[in-house]
Structures are given as C-alpha cells and as structure tokens.
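Going line by line, the protein sequences match chains P and H. Take 1 as the starting number for the first sequence in the UniProt record's numbering and just add one per residue. Take 1 as the starting number for the second sequence in the UniProt record's numbering and just add one per residue.
Calculated directly from the structure, the hints in this document are not laboratory data. Just to be clear, a hint being listed does not mean it is correct.
Any copy, or any two copies together, can satisfy a pair, since identical chains are not distinguished.
As the list claims (entries may be wrong) - Taking lysine-lysine pairs in the DSBU-like style, the calculated list, with each CA pair at most 30 Å apart, reads:
hint, residue 1, residue 2
1, Lys186, Lys205
2, Lys99, Lys315
3, Lys33, Lys171
4, Lys205, Lys315
5, Lys268, Lys186
Number of protein chains: 2
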Amino acid sequence: MQLFQREEIERVIRLDTEVVNVIEDGFSALITKNVHMPPIMRVDVPINNGEVDIKSAYIEGYDSFAVKLSSGFFNNPQKGLPSANGMMILLSAETGVPKAVLADNGLLTDIRTAAAGAVAAKYCSRKDSRTAGIIGTGAQARLQLQALTLVRPIEHVHVYGRRTEKAEEFKQDIQKMLGLNVSVCKSPQEVVEESDIVVTTTPSKEPIVKAEWLHPGLHITAMGSDAEHKQELDCAVINHADIFVCDVIEQSKRLGELRNCPSYTIEKAIELGEITSGSQQGRLTNEQVTVCDLSGTGVQDTAIARHVYSLLVSKEETIHERR
Amino acid sequence: MQLFQREEIERVIRLDTEVVNVIEDGFSALITKNVHMPPIMRVDVPINNGEVDIKSAYIEGYDSFAVKLSSGFFNNPQKGLPSANGMMILLSAETGVPKAVLADNGLLTDIRTAAAGAVAAKYCSRKDSRTAGIIGTGAQARLQLQALTLVRPIEHVHVYGRRTEKAEEFKQDIQKMLGLNVSVCKSPQEVVEESDIVVTTTPSKEPIVKAEWLHPGLHITAMGSDAEHKQELDCAVINHADIFVCDVIEQSKRLGELRNCPSYTIEKAIELGEITSGSQQGRLTNEQVTVCDLSGTGVQDTAIARHVYSLLVSKEETIHERR
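Take these sequences, add in the hints, and give me the full structure.
Structural data, given as structure tokens:
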C-alpha cells in the first residue's frame, strides 16, 4: 500500500475540465450502475467540539473504491489549526486490498465539491450566463467560482459575505487569480438580482435566499447545507423553481434543502445524475428558474480518488522510465 | 501522518499479558467512561463476494481513537490471496488530525480478538482450568489457545475440526509452538466433555455446542458469530449457563449468539466490562457453567491501535537517541 501526502497530490491534480468530467461520470454512474453507498457514519467527539464523518461508495464494474474520513474539529481555529481534515483510502474492489492512502487533508473533497457545482451549472444554467453571484467568502466560495468559469463565459462576479472585509479579500483574490471584475454587494438580495448564476456556500442555519428575488433565467446552486441544522434556501424558492435538482433525493430530504420544504411535490425532484446520463432534461428555455441542492456523495469521493490515483501512478511510471 | 507497515508492527507487538491488560482496560472503559461507538458501517461488493466493515469508537478522556477498515473478499483464496485484509487509522481526539495509518493487514484485529478471549477466560473460567478445548482450526483458533495459556495453567488441548487434516496440522503447530499435549477429537461433543474451557472459533451457521454436553465448572467462549447468519451455540446452552456474558448486549442480540435465543431473560446478561470494572462478579464457584459471547467492538480497536502506536513511536525515539 502506498501513502501519498498532500504535496504529491497537489502536484498532479487541479480543478479543471478533466476533473469536472470525472465527477460528471460519477453522477451518471449513480443512475446507470448499481451503486452500494451506505449511510454516512459519524463519530462524535463532543468534548472537543469535533466529529468525523465516514463516506464510501462502491460502483459496480469499477475496479476500486474509496473510503473517506473527513473531520471537523471546531475548536481548532483557537489553536491556530484548520477545523477540517481528512483522508481517503482507495481499496481494490477485486480483492479488498488497500491500494493507497491519500493524505490529502481535505483537498480532494474541496475539488470534487467545486466540480459538482460546475456539473450543476453546465446542465442547469443558461449557456450565456456571464454574471456569477457568490454568497459566502470561504475557500469553497473561491473554488465554486473557479469551477463556474470552466463551463460558462463568466465576466463579472457579485459577492456577499456577512463580514465586509472577507468579501473585500475575496474580491482581491479573484481579481488576481481569475482576472474577473468583482463587485462587493450589500445584501444577498443584490447578489441574486444581479446574477445569472448564484452559488450559496455558507454554514447558514436560516434561509438566506428569498423567492421574491428570483428572476427569469436564474440558476441557483446551494452547496452549504449538508447537515440537519443547516439551510440556505427559503422553501418558497424551491417551490417557485421550474426545475429542482439535487445529488441524491433521499439525502436532500435528510440533510439538504428538501428537509425544510415539506410542501414541495417530491415526485418533481430530479437527481443530477438523471440529467448527466440523459434520462431527464436539464434547463429547456432561457426563461426557466433552476435550483440545484448539493449535499455531497460517496460516489464523488470514489470518482476523484480513482482519478488522482491513476495520475499519481502514471507519474511514478514516467519517473521510473526516465531513470 | 505516519504510515506503519505490517512488518514494523509485527516487530513491536505480540499476544502477551500486556496486550491482554490493554484490551481488558478497553472493556472496562465501555462501562466506566462515555464511549461514542457508532454502528458498524458496511460496504458490499457482491460481484466479488466481498465486503468492507468499518468500526470506530471514541472513549472520552483518551487523546486519540481508531477507525478500522476490515475486509473479507471470499473469492480471494481462489486467487491465492487471503480473504481478510484491513488497516487502522489513528486520529487525534483533540484536533481530528490523522496521526498514523497502521497497515497491519488484520494482524491487530487477530491479536485484540484473541486477547478478548483471554479476558473472558480470566474472569469466567475456573482458576485451575488445565484442559482447553478448541473447536475450529484456523489462525484465530491458534491465537485463542495461546491467549488462554497467558491466564490459565493449560496443560492439555482437545481440538475438533470438520477436516481432520486441518486438526492434525493444528496439533503439530501447537505442540511445536506451545509444547502442549494435543488430542484430535472426533466430535465437538468429545471436545466439550473433556475440557475445562472451550473456545469456538468457526464460521458456523448452525449451533455446534449442545446443552446436554455441559458439565459443572465448564467455561465456553464463542468467538465465531459476528454476523446475522452465524451461530455456534444452541439457545439451550445459553439458557442452561449460570452466567451469560458478552461484550455488548445490543450487538450480541443483533449479530451474536443472543440473536438466536429469544427465550433468554435478557436482564440476566452481563457485559464483560461490567466484570472487569468490578460492577458485576464473574465466576463465583468451581461448579458454575459460564458462557461468553464475543462479537468484537470498536473499543478493542481503539485500545490496541493506541497501544501499538505508543510502542512504535517510543521505538522510533529510542533509535533517534542512539544516533
């Protein structure tokens, strides 16, 4: 079994079209193949305000699959450490033998989460979307925007954060990194009203997007809610959308935006993999309002772990050949 | 994060009194401390007759805890590979940061499982137990016997296996390894009738020990059943025992011997940790018949992972000091 540290992983993978395609194939597999994906396992460490989540998914026909540990220890910032941590273990699906430990410290989760945002935008947003609105100013907010630029001709960005200095930092970073115009907005309403695509990437416990702000052609991806106590969209937003999409309906009902929207007609909900695999259609007209709720799946972890492992191994082979 | 391969782990740990004490302390912690132990997570890979089980337990007050992956891929022997595989990941309970990957290939599970057998015998069997009966002839059968010799003055062994040649191999190995007299028996009945302590270590799906064979002073440890379809003891054996002990009552009802014994008065069942921590008594007289059902817990994994990590790190420090 091989151990790959974060630095080695960083050298072979970045958020690009290739990764978006890998994650898109993962969503399609959720629909077209038999997938064994047990519910998330959680170990609580209440004394240190911490938890470890364990996810996994085996996709029939694939020769390997991942088990992912991701932790959140929310007293860490007081100790000068990041809250989040994590690693993936890639196992042979033929023999159960561990092939690799990817000690990525959450990097691959960050990338696969952003790539899922790109897949959602690719199938649900208007093709000519030029303005992106980002609510939230963290690392995932930056990655989500970067992901959008891979699939849509984004020219201008509207950002809102509760702390203005964070939004200003976001603006500086994005202008330098992606060369895009960024406007810091005074409210989530301003972001929504000004944008073709909106991505919410917050740990909010209360809805921050209201139905009154929706306008023809808008697409919203809600990334933030992935636990029982979180919510980003008002239930009326979901009810007003022409198309509501999510990664896994059951999970959206348990951990995502559907949890707070019992009035929604669940039969209308579409899974993202149904669209990527062609059994359902995404956006049909330039006027529709579309909403996608993503809470994260083990299939994405298996997809990116397999991809990065193949890159790491082929790199090793190249080095070996040169010697 | 450090990666330790099986060879390094083998160099620092063996089945000895120290490990038995470590596992005993783990059982006591299950009773005396707050323990967060989620249900076992299982990923099925039916196409290759395989499964991966994931166990974990955090014991409040401990500075680290383990997550264990253990796999069984039952087509492996046809490929010349062992069915079982596994690894443990030790995480800081203070920050969630992964401290070490123990790529032990199941070695630590084998040792902690055998050590639990020693703990059961230490508290439940007669102190003067001299004859051990082993039903089953695999690797765990050998380890269980070795574990018994750490806590009881075993002189003679009775073994039964469905395949006589395997029992003969067991006999040769034990005579060479432990210098004990071994008799190969014709039936489980002969083993039970001739022994002070009996350990069953089989993958049996039907009861192999009958109540008619019980005799005063006998102790039985049933190790084999750890899944819904397995059973080693007739329900009447449990009902006839003066004391019935198990590692975790809820787990024995779900995966262990209690599953097939609905007639048993569950309030009489004792958890092994209640005995090791002193809140319940084990064997009281030389005449009692005692039964212990062990299906394996995440607490044992956390206990042995922490122990082996401290041995590995102190060894590294010693090497460092010498330089």
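Now the hints, each set against the structure:
1. Lys186 with Lys205: This pair counts as within: shortest intra-copy Cα distance 20 Å, inter-copy 67 Å.
2. Lys99 with Lys315: both (16 Å within a copy, 27 Å between copies)
3. Lys33 with Lys171: neither (42 Å within a copy, 49 Å between copies)
4. Lys205 with Lys315: neither (43 Å within a copy, 48 Å between copies)
5. Lys268 with Lys186: neither (34 Å within a copy, 65 Å between copies)
In this structure, the hints that do not hold are numbers 3, 4 and 5, in rising order.
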